[in-house]
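Participant: First to last, the sequence lines map onto chains A and B.
Everything in the first sequence is counted per numbering that gives the first Met the number 0, starting at 0 for the first residue and increasing by one.
Everything in the second sequence is counted per numbering that gives the first Met the number 0, starting at 0 for the first residue and increasing by one.
Just so you know, not all the hints are guaranteed correct.
Since copy identity is lost for identical chains, a pair holds within one copy or between any two.
With a cut-off of at most 25 Å between alpha-carbon atoms, the simulated DSS-like pairs for lysine-lysine come out as follows [to be verified]:
# : residue 1 : residue 2
1 : Lys19     : Lys8
2 : Lys70     : Lys8
3 : Lys8      : Lys80
Simulated from the structure, these hints should not be mistaken for laboratory data.
Owing to the predicted nature of the structure, the values given are computational and were not obtained by experimental measurement.
Number of protein chains: 2
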Amino acid sequence: MTTDPIEPKCREQGSEFLPKFDSNGLLSAVVTHAETAEVLMVAFMDREALDATIASGEAHFHSRSRGRLWKKGESSGHVLKVAEIGVDCDQDALVLRCHPQGPTCHTGAASCFYRRLEDGSLHRV
Amino acid sequence: MTTDPIEPKCREQGSEFLPKFDSNGLLSAVVTHAETAEVLMVAFMDREALDATIASGEAHFHSRSRGRLWKKGESSGHVLKVAEIGVDCDQDALVLRCHPQGPTCHTGAASCFYRRLEDGSLHRV
C-alpha cells in the first residue's frame, strides 16, 4: 500500500470528498439500479474515470484488461445514467445508483450477477 | 494481469464455479442486506477468504492493510451470516447477500455507505 497522508478520521467523519485510490490507482465501484437497488455490476475507477463520471453524469470505469478509460456503453449504447453516488467510510469504494439505458451485462443480462452459487455450482437466477 | 488459461465463455456460460482472482490473488466482494438489498460494504477476498466463507457461512475477507485473513466481526461480534452468493459474468466479483448480526460499519453505521456525494462534498444519508 502507498503511504496515505490523510488521517482516517478525516475520511470517515468529514464532509470532504477525499477518494482513496489503492497502490494501483484504483477504487471499487459498485453499480446498483437506482429504483430496485439490485447490484448490476462491479468495476474499478481511477481518478480519470471518476472525474469523467462526475463531469458527464454517465458511468466511466478503468478497464484493467485494456488499460484505459472505459465508458460503459461506449459501443453498445447501454450507458448508465448516474442518479446518486454513495461513498463508504474510508472512501475507497463507491456505489453508483444508476438508471441503466439497456442491459448492463455484455451477455445481454440485465445484471452481471445472473447466477448464484449453490452446492458448489452456479445456477441462473 | 496474469495469464488465465480458462476461456471467457466457460466462465460466462457454464455452471462451474471458476472464481477469477486478479494478479494480487483477489476478487471483489460486495455485501448486501439479504432483506433490503442495501449495499453494506465492499471488500476483497482471496482464495483463503472465499473458502472460509463457504465453509463457515459467515463472511471472511482478505485485509489488504493487514495482509491477512479477516473474519468480519471477529472482534466486534458483528458477523455477516451469508444467505446467498451471487456470481458475476466473468467470475471476478461476488455479491454476498447477508443477514448482518449488528451494524456492518466499524463506525457503528448500519452500512459503510452512510454518505452520498453531492455538489462535490459528502452528506450523511
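Participant: Quick one: which hint numbers does this structure break? Sort them smallest to largest.
Facilitator: 3
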